[in-house]
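Work out the full structure, taking the sequences as your base and the hints as a guide.
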Amino acid sequence: MVTDNDLTKHLSEAQVSVEIQTEDMTLNIGPQHPSTHGVLRLVARVNGERCFDVRPVIGYMHRGYEKLSEVRTYLQITALINRIDWVSGYANEIPFIVAAEKLMDVEVPERAQYIRLILTEMARISSHLIFMASYPLELGAATPLFFALRDRERVLDLLEGVTGGRFHPNFNRIGGVKPNAGAGPTTKKTPQDLPAGFLADTRDAMSVVLDTCEEIEDLVAGNEIFRARTKGLGVLPPEVAAAFGVSGPNLRASGVNFDLRKVEDYLPYDKFDFDVVVGENGDCWDRWWVRLQEIRESTKIIQQAIDGIPPSGPLQAKVPKLIKVPQGETYVRAENPKGEMGYYLVSDGGTGPYRLKIRSASFSNISILSWILEGVLVPDIIAIMGSLDFVLGDVDR
Amino acid sequence: MTSSPSDPELAVHPLQEFADAAAEAVGGEAEIQFDTIKLRVPADQWVNALTKARDNLDLVFFSWLSAIDWANDVEVGDTLNEETEERIELLCTVCDLTEGRRITFSTDLPNVKPSVASIVEVYVGANWHEREAAEMFGIEFEGHPDPGPLYLPESFLGNPLKKSYPLLSREVKPWPGTVDVEDMPEKPSTENPEA
Amino acid sequence: MIETITDVFSNFWVSLAGKLLLVATMVPLIGMLLGFAEMKLSAKMQSRVGPYFAGGRWGWAQLIADGVKFFQKEDLVPEDADSPVFKAAPILVLVGTVSLFLVIPFGPGLIFQDLSVGIFYALAISSVGTIGVLMAGWSSANKYSLMGGLRAAGQLIAYERPLVLAVVGSVIMAGTMSMSGIVEAQISVGFPFVVVQFVGFGIFMTAALAELARIPFDMPIAESELVMGYLTEYSGFRFLFFFLAEFANMFTLSAIAATLFLGGYWLPFVPESSLEFTGPLILVGKVFLLTFTMIWFRWTFPRFREDQLQTLAWKVLIPLALMNIAITATLKVVL
Numbered sequence: 001m002v003t004d005n006d007l008t009k010h011l012s013e014a015q016v017s018v019e020i021q022t023e024d025m026t027l028n029i030g031p032q033h034p035s036t037h038g039v040l041r042l043v044a045r046v047n048g049e050r051c052f053d054v055r056p057v058i059g060y061m062h063r064g065y066e067k068l069s070e071v072r073t074y075l076q077i078t079a080l081i082n083r084i085d086w087v088s089g090y091a092n093e094i095p096f097i098v099a100a101e102k103l104m105d106v107e108v109p110e111r112a113q114y115i116r117l118i119l120t121e122m123a124r125i126s127s128h129l130i131f132m133a134s135y136p137l138e139l140g141a142a143t144p145l146f147f148a149l150r151d152r153e154r155v156l157d158l159l160e161g162v163t164g165g166r167f168h169p170n171f172n173r174i175g176g177v178k179p180n181a182g183a184g185p186t187t188k189k190t191p192q193d194l195p196a197g198f199l200a201d202t203r204d205a206m207s208v209v210l211d212t213c214e215e216i217e218d219l220v221a222g223n224e225i226f227r228a229r230t231k232g233l234g235v236l237p238p239e240v241a242a243a244f245g246v247s248g249p250n251l252r253a254s255g256v257n258f259d260l261r262k263v264e265d266y267l268p269y270d271k272f273d274f275d276v277v278v279g280e281n282g283d284c285w286d287r288w289w290v291r292l293q294e295i296r297e298s299t300k301i302i303q304q305a306i307d308g309i310p311p312s313g314p315l316q317a318k319v320p321k322l323i324k325v326p327q328g329e330t331y332v333r334a335e336n337p338k339g340e341m342g343y344y345l346v347s348d349g350g351t352g353p354y355r356l357k358i359r360s361a362s363f364s365n366i367s368i369l370s371w372i373l374e375g376v377l378v379p380d381i382i383a384i385m386g387s388l389d390f391v392l393g394d395v396d397r
Numbered sequence: 001m002t003s004s005p006s007d008p009e010l011a012v013h014p015l016q017e018f019a020d021a022a023a024e025a026v027g028g029e030a031e032i033q034f035d036t037i038k039l040r041v042p043a044d045q046w047v048n049a050l051t052k053a054r055d056n057l058d059l060v061f062f063s064w065l066s067a068i069d070w071a072n073d074v075e076v077g078d079t080l081n082e083e084t085e086e087r088i089e090l091l092c093t094v095c096d097l098t099e100g101r102r103i104t105f106s107t108d109l110p111n112v113k114p115s116v117a118s119i120v121e122v123y124v125g126a127n128w129h130e131r132e133a134a135e136m137f138g139i140e141f142e143g144h145p146d147p148g149p150l151y152l153p154e155s156f157l158g159n160p161l162k163k164s165y166p167l168l169s170r171e172v173k174p175w176p177g178t179v180d181v182e183d184m185p186e187k188p189s190t191e192n193p194e195a
Numbered sequence: 001m002i003e004t005i006t007d008v009f010s011n012f013w014v015s016l017a018g019k020l021l022l023v024a025t026m027v028p029l030i031g032m033l034l035g036f037a038e039m040k041l042s043a044k045m046q047s048r049v050g051p052y053f054a055g056g057r058w059g060w061a062q063l064i065a066d067g068v069k070f071f072q073k074e075d076l077v078p079e080d081a082d083s084p085v086f087k088a089a090p091i092l093v094l095v096g097t098v099s100l101f102l103v104i105p106f107g108p109g110l111i112f113q114d115l116s117v118g119i120f121y122a123l124a125i126s127s128v129g130t131i132g133v134l135m136a137g138w139s140s141a142n143k144y145s146l147m148g149g150l151r152a153a154g155q156l157i158a159y160e161r162p163l164v165l166a167v168v169g170s171v172i173m174a175g176t177m178s179m180s181g182i183v184e185a186q187i188s189v190g191f192p193f194v195v196v197q198f199v200g201f202g203i204f205m206t207a208a209l210a211e212l213a214r215i216p217f218d219m220p221i222a223e224s225e226l227v228m229g230y231l232t233e234y235s236g237f238r239f240l241f242f243f244l245a246e247f248a249n250m251f252t253l254s255a256i257a258a259t260l261f262l263g264g265y266w267l268p269f270v271p272e273s274s275l276e277f278t279g280p281l282i283l284v285g286k287v288f289l290l291t292f293t294m295i296w297f298r299w300t301f302p303r304f305r306e307d308q309l310q311t312l313a314w315k316v317l318i319p320l321a322l323m324n325i326a327i328t329a330t331l332k333v334v335l
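Chains as they are written, first to last, in my numbering: chain A, 1 to 397; chain B, 1 to 195; chain C, 1 to 335.
Don't read these hints as lab results, they were simulated from the structure. Cβ coordinates follow ideal geometry from the N, Cα and C atoms, glycine included. Heads up, some of the hints might be wrong.
Unchecked claim - The calculated label-pair distances, taken between Cβ atoms and stated as ranges, are: (1) A:Glu153 with B:Glu29: 50 to 58 angstroms; (2) C:Phe297 with A:Glu153: 25 to 33 angstroms; (3) A:Gly255 with C:Thr311: 28 to 36 angstroms; (4) A:Trp371 with B:Ala43: 46 to 54 angstroms; (5) C:Glu79 with A:Glu153: 40 to 48 angstroms; (6) C:Lys332 with A:Gly255: 17 to 25 angstroms; (7) B:Ala25 with A:Trp371: 55 to 63 angstroms; (8) B:Asn56 with A:Glu280: 28 to 36 angstroms; (9) C:Asp75 with A:Arg45: 30 to 38 angstroms; (10) A:Arg45 with B:His13: 48 to 56 angstroms.
Stated by the list, open to error - Result set (DSS-like, lysine-lysine): computed pairs, CA atoms no more than 27 angstroms apart in a straight line: (11) B:Lys52 with A:Lys67; (12) A:Lys231 with C:Lys87; (13) C:Lys143 with C:Lys87; (14) A:Lys324 with B:Lys52; (15) A:Lys321 with B:Lys113; (16) C:Lys19 with C:Lys73.
Shown next as structure tokens:
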């Protein structure tokens, strides 16, 4: 056995002393690739497994929403912007509607505000559960996917029960929420409230989601391989993140205690008690962990909102039938599941905006890719990219 | 330009103090519209102003950069109510990461061959946003490290977000949804819609 | 009548043909059985139902349907591919697997060929499949395939060593390299070698997982990184060959592990005279226990990174295995 040991030693020495000539290879990851979440393309130069000079190519899904918004009415635009970040379609509507309401000076009834808030948080939970599902899958673990999607479906069912759409609710109206919530022909003008038992069902669903969080934490966080794959990988310092405009959970994972829900007033978040989850190192592990904790915080908010929602009341403020937004400009931003989502709305008094700038979170979040992927290994490209949690619709708009 | 009054109920807007301080520090004209501070600076002060915003005002977070094409001739969408000076207005919003203060910087560029210095050196995140603005509005960003189209194919002609750029699908087939869909089930309303 | 049959089978060519036929039916059968087990077990672990409709009940015919489907598919060879190598690769992989069946003792005397260097042969032949994988990766003319093939080669070099070293402990204890000899040695000492060779068993199973390129060691395929690794360009029955080889390999490596460490076809308290009939069942039972563990791992763990895998092999498994050998040898001499 001694000889075997010696042989190993000699072999390893021999390998070190020989200089191997290698050629760089250009690897096209995407636009069709299992881990690029759609149609992102990365042009990477790789030398063996080490890659450098990664160039993201986007635009395969550019739909020109900013131009389209200029020819549509305010009511029609909510249907478009649902499709920007489709895993949290409901949350996309909020800042736009709030911006229009701001220009129109409309006071939204409290009950409608609460419904908006509950549904926004549910959209956040479903978006983060998608991340909980897809991220371990990118590292090779398939099972958390099913645990997370199983309970995301519960949340989506509830969302669908209220809005009629799982992904694209198109539920907000200027001045409140769609009064004919739930099923039923829209021609009938009977005002319909939340579906019966919705609040109780939501409460149940929240405890199920909390259980799933436990389950996922046991299965994923307790796994040595998962730790080894994510800890210390893809470290994003806070100042770099800020300069790139990386926002949301990715920014908080870098240790920045900043949450638009705490500083902006687009929804009555100040009435609720919840923590801003902050990571320590800004690595992939922290980005995963922050999102898991945010699910828990969201369930906390929803529980409080169910307790505090006014039992009855109007769902819609009085607004003119033909909506014309007065002249003005404003920027409203919201803490979406992916990060800062904002709309710069310029109105000239018409039925549609003169210009609508859509600030989407994923666009800025993945502009960091070429910086953060410099010199990593090929498997880590996927691990880092996945941890940023982007949606291509949100990148390309 | 829009010149809507600030909130009439409040004599002084809570953001006024910060807006004035920022205007003084950066050198520009501050205006508050609907809780949004807009700070106008001359085009040649663009980089300078944003550098000061980052260093002196602690607005370290780069949010977005884009532009508005103010035009009297509009191919698609609504026209302006009153004639305006035709120009490209460049906007850039930066924020801090503590109290949630934000300023939208604004500068006017000429309608023809707009050109401005790039702020990638100041906020590295502006890279993609400037590329987007460049292809959508035809703005040239001098000193941009990686110019070239971002969304559009290399061979694409024109600047889609300019008001003079037609929406071709709309040209071919008019959008059927210009009628307010909520009204459709009923008879066309005879009453004044503003009521 | 029976004598005639024995006579006929004592003819070398006839017995060879019979054995070949047996292996040829066993490999797809085992492949399908394990494939189905994996489908159903993973479904159970993931709160799904799994195959349900094919065959009318429990979806039992799913794998048969899949097999038929694979044969109906077009046999695609990429234009730039090195066609002969591309076509030969899956066959080589399957041959490597089939050859392993030769030395597995299913019962006393129930062995295709009882080689005196049985375990040596098994370990040598199990590496042949990797050459097929490397061929597949290289000839596909696809960058992902190439990376997959190279990863497979790196993995083989790293894990062949602990695999061989882990076996040595059992071989020292048995004093023979013949597979059936090792089982007999376990019968004569009265306990399966895993009782003292638990370190070797652990290393062997880990290395076997890596050899099989199953999660957590599935970097050569790594569908989230390399699309499908060396399998990217394969379709139709060539893909089926790889698929069958993977599952049959799972069976053979588990069978080798069972033979070396768990007593093979022998179980304590089962009368030795009945082993002729119960032996195969006992072995298959043990094999299924081990393959279940493999499937369980597959659906629980994420995958390692390439360098982490190499670190594990060279810095943990090989020193451990060497230590195990030293201790075993010392004890063998002392006791």
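Task: Numbers of unmet hints, in rising order - done: 4, 6, 7, 11, 12, 14, 15, 16
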